[in-house]
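Protein chains in written order, with full-length UniProt numbering: chain A, 1 to 349; chain B, 1 to 349.
None of these hints come from the bench; they were simulated from the model. There could be a bad hint or two in this list.
Same chains, same label: a pair holds when it works inside one copy or across any pair of copies.
[Said to hold, decoys possible] Straight-line C-alpha distance at most 25 Å; calculated SDA-like pairs for lysine to any residue:
no. : residue 1 : residue 2
1   : Lys-171   : Thr-13
2   : Lys-259   : Glu-205
3   : Lys-259   : Arg-229
4   : Lys-202   : Glu-274
5   : Lys-171   : Glu-286
6   : Lys-259   : Pro-30
7   : Lys-3     : Ser-98
8   : Lys-259   : Leu-206
9   : Lys-184   : Gln-277
10  : Lys-171   : Thr-185
11  : Lys-3     : Phe-49
12  : Lys-171   : Tyr-190
13  : Lys-3     : Met-102
14  : Lys-122   : Ser-98
15  : Lys-202   : Asn-279
16  : Lys-171   : Lys-184
17  : Lys-259   : Ser-98
18  : Lys-290   : Gln-179
19  : Lys-184   : Pro-147
Protein chains: 2
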Amino acid sequence: MSKTYRVAILGATGAVGTEFLELLASRQFPLADLKLLASPRSAGRTIQFAGENLPVEAVSEEAFNNVDIVLASAGASTSRVWADKAVASGAVVIDNSSAFRMEPTVPLVVPEVNPEAAFTHKGIIANPNCTTILMAVAVWPLHQVEPVQRLVAATYQSASGAGARAMEEMKEQAQAILQGEQAKTEIFPYPLAFNLFPHNSKLNELGYCEEEMKMVNETRKIFAEPQMRITATCVRVPVLRAHSEAINLEFGRPFSVEKAREIISQSPGVQLVEDWQANYFPMPMEASGKDDVLVGRIRQDISNPNGLELWLSGDQIRKGAALNAVQIAELLVKENLPAAPELAVSGKK
Amino acid sequence: MSKTYRVAILGATGAVGTEFLELLASRQFPLADLKLLASPRSAGRTIQFAGENLPVEAVSEEAFNNVDIVLASAGASTSRVWADKAVASGAVVIDNSSAFRMEPTVPLVVPEVNPEAAFTHKGIIANPNCTTILMAVAVWPLHQVEPVQRLVAATYQSASGAGARAMEEMKEQAQAILQGEQAKTEIFPYPLAFNLFPHNSKLNELGYCEEEMKMVNETRKIFAEPQMRITATCVRVPVLRAHSEAINLEFGRPFSVEKAREIISQSPGVQLVEDWQANYFPMPMEASGKDDVLVGRIRQDISNPNGLELWLSGDQIRKGAALNAVQIAELLVKENLPAAPELAVSGKK
Chain A
1 MSKTYRVAIL GATGAVGTEF LELLASRQFP LADLKLLASP RSAGRTIQFA GENLPVEAVS
61 EEAFNNVDIV LASAGASTSR VWADKAVASG AVVIDNSSAF RMEPTVPLVV PEVNPEAAFT
121 HKGIIANPNC TTILMAVAVW PLHQVEPVQR LVAATYQSAS GAGARAMEEM KEQAQAILQG
181 EQAKTEIFPY PLAFNLFPHN SKLNELGYCE EEMKMVNETR KIFAEPQMRI TATCVRVPVL
241 RAHSEAINLE FGRPFSVEKA REIISQSPGV QLVEDWQANY FPMPMEASGK DDVLVGRIRQ
301 DISNPNGLEL WLSGDQIRKG AALNAVQIAE LLVKENLPAA PELAVSGKK
Chain B
1 MSKTYRVAIL GATGAVGTEF LELLASRQFP LADLKLLASP RSAGRTIQFA GENLPVEAVS
61 EEAFNNVDIV LASAGASTSR VWADKAVASG AVVIDNSSAF RMEPTVPLVV PEVNPEAAFT
121 HKGIIANPNC TTILMAVAVW PLHQVEPVQR LVAATYQSAS GAGARAMEEM KEQAQAILQG
181 EQAKTEIFPY PLAFNLFPHN SKLNELGYCE EEMKMVNETR KIFAEPQMRI TATCVRVPVL
241 RAHSEAINLE FGRPFSVEKA REIISQSPGV QLVEDWQANY FPMPMEASGK DDVLVGRIRQ
301 DISNPNGLEL WLSGDQIRKG AALNAVQIAE LLVKENLPAA PELAVSGKK
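This is chain A alone, in the form it adopts within the complex (with noise of 0.2 Å):
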């Protein structure tokens, strides 16, 4: 039980990054070393992590020698070239990256819906997308309870879902714009600030975005339901960190409000706002920060006997990255694994 691991953050100077190094405080993460690793741009520079300052080194194959557990968060490109490698040194790579979610060796966990997947892996165990995740850890309990037949999505994504620079460059276009000067553009194809614009991600043939796949194909292999039903339309808001989302849910049979409005207020990492009365319902400023997504508004379909409404509003770095990897994390360490890297890397518990 007091057993403790070295803990490598890859990624470490970024929105992700930062919020790991939180978590692993606040949340007393068994560390009995913890590296900072990034690009070599990020290197040199330090850190403070529970009053030590510590130093940023530059991602390299040595680097994952004496690790446990890497907490990836810095991008597909760069865990691609790195992952293996640290799975290679002896280390299981939590990754939040898309690179490895859709192989099917690779567990995609949310802990609340699929625990057990994480001690499938095979040395990466990889974190689903945000806007995912905050729908996942909703809709599961329902689903648990009466199958989702068919799901319609609309989201409402802030600038963090773009990374710490994209936050920023709303924030310069807001000041700009409310100075009556033109807005700037650089991480993102179009302003932000006063504005919103269909989720930028690579479009498909059918033209879907990559945002909205994953919301499609992720949900299916978390929930293990590669038929279920799913579409979504992905779009980006001038909010800073928390995304929300407007769910419509088909069941096979009526599901009374009453009921799903008990299971939501019950279940793990889901947190029922609704006051009727003063028309309170989530909020992305209310959802910052918190570690629970918070789910609300949840109506009877007029439309459909068989469909319930829902609302929620999560944050997108938390629960929609960092939260989600550490619990990850917690869940090995808690079996006391990963063990010796042999049995880490075989994937056997």
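Fit chain B to the given chain A structure using the hints.
Leaving out everything else, chain B in the frame of chain A:
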């Protein structure tokens, strides 16, 4: 053909009133006289129109004497007080408020959808809800070809929906937040800048807000489809003046994306905005100030072989309010109506 009309604007100093003035001038509405009416609070001000300073008069029973057409946008309670009086004075009232929209004897008109309904009026013609108008012009041409069986909408509504003062409040909030200060709320129940929240209109017993029920009930009335299955989630977002909507349509059989694009590109009141290579689709920033509703991202719904997804942005003050009302007035004028007051009141063409 050279007939001219005596027009009064009720609510001349509001956001929609200002737009009425701009539209009457730019569309060269055949004016014989223009009277600006507002609450006693605003009376005494002057507003420039076509190079002249027109006085704003306090609304009164006498103010409607010698007026042919009243363009009213002063809120439902004001319309309830004055509309009948204006009609009794011989005017036709085109009312932008929700006061009379669902009254069976009052036509609810979107000129691109049901122009013929305008001629059935008994003195009052209702201008629909803004979100509803934008959706109606986009969905109607598709519905004509293949009836919509079910519609699921999620909206992204700008501050202008709550009036000119609300737009200012949102800008003030943004400035405060950028300076690290607390955002103040007066018009809105919660800060809107860098935040969003479910539409704050009154909730019914099923949890649908008034805005959502307007989308349901008004669309049914405009389309003359009293049973049409519609559900909506209305959300206020920190955008200044154009609304956006994600609309999922279900038909009785497959509707090809190519056909839908062709129909939208040839229909009045809408403009197809799609550049799939550049990931460029309708945005509120670009819809602002435009007459047409921008429609794009038309996709085959991958969760439903009979489904289409579409996305739109439209100027909430322009087509969503003032322009639609002026277009209704133009419908009448084209038929040399209103004729003698007796005829206008009795509704005979």
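Right, here's what the structure says about each hint:
1. When the C-alpha separation of Lys-171 and Thr-13 is checked against a cutoff of 25 Å, the pair qualifies only within one copy, where the shortest distance is 20 Å, while the shortest distance between copies is 32 Å.
2. For the homomeric pair Lys-259 and Glu-205, the shortest alpha-carbon distance between copies (17 Å) is at most 25 Å, but the shortest distance inside one copy (40 Å) is not.
3. With identical chains, the CA atoms of Lys-259 and Arg-229 are at most 25 Å apart both within one copy (23 Å) and between copies (24 Å).
4. For a Cα distance limit of 25 Å, the shortest separation of Lys-202 from Glu-274 across copies, 14 Å, qualifies, whereas the shortest one inside one copy, 36 Å, does not.
5. Taking the shortest Cα distances, Lys-171 and Glu-286 sit within 25 Å of each other both inside one copy (19 Å) and across copies (20 Å).
6. Proximity of Lys-259 and Pro-30 under a CA criterion of 25 Å is satisfied in neither setting, with 38 Å inside one chain copy and 60 Å between copies.
7. In this homomeric assembly, Lys-3 and Ser-98 never come within 25 Å of each other (Cα to Cα): the closest approach is 31 Å inside a single copy and 66 Å across copies.
8. Proximity of Lys-259 and Leu-206 under a CA criterion of 25 Å is satisfied inter-copy only: 15 Å between copies versus 37 Å inside one chain copy.
9. In this assembly of identical chains, Lys-184 and Gln-277 lie within 25 Å of each other by CA distance solely across copies; the values are 22 Å between and 42 Å within a copy.
10. In this assembly of identical chains, the alpha carbons of Lys-171 and Thr-185 lie at most 25 Å apart whether taken from the same copy (11 Å) or from different copies (20 Å).
11. Taking the shortest Cα distances, Lys-3 and Phe-49 sit within 25 Å of each other inside one copy (20 Å), while across copies they are farther apart (79 Å).
12. Taking the shortest alpha-carbon separations for Lys-171 and Tyr-190, both the intra-copy value of 14 Å and the inter-copy value of 20 Å come in at or below 25 Å.
13. Proximity of Lys-3 and Met-102 under a CA criterion of 25 Å is satisfied in neither setting, with 32 Å inside one chain copy and 69 Å between copies.
14. For the homomeric pair Lys-122 and Ser-98, the shortest alpha-carbon distance inside one copy (17 Å) is at most 25 Å, but the shortest distance between copies (61 Å) is not.
15. Proximity of Lys-202 to Asn-279 under the C-alpha cut-off of 25 Å is restricted to the inter-copy arrangement: shortest distance 8 Å between copies versus 37 Å within a copy.
16. For a Cα distance limit of 25 Å, the shortest separation of Lys-171 from Lys-184 qualifies both inside one copy, at 11 Å, and across copies, at 18 Å.
17. Within a single copy, Lys-259 and Ser-98 get their C-alpha atoms no closer than 35 Å, and across copies no closer than 35 Å, so neither meets the 25 Å cut-off.
18. Proximity of Lys-290 to Gln-179 under the C-alpha cut-off of 25 Å is restricted to the inter-copy arrangement: shortest distance 23 Å between copies versus 33 Å within a copy.
19. For a Cα distance limit of 25 Å, the shortest separation of Lys-184 from Pro-147 qualifies neither inside one copy, at 46 Å, nor across copies, at 43 Å.
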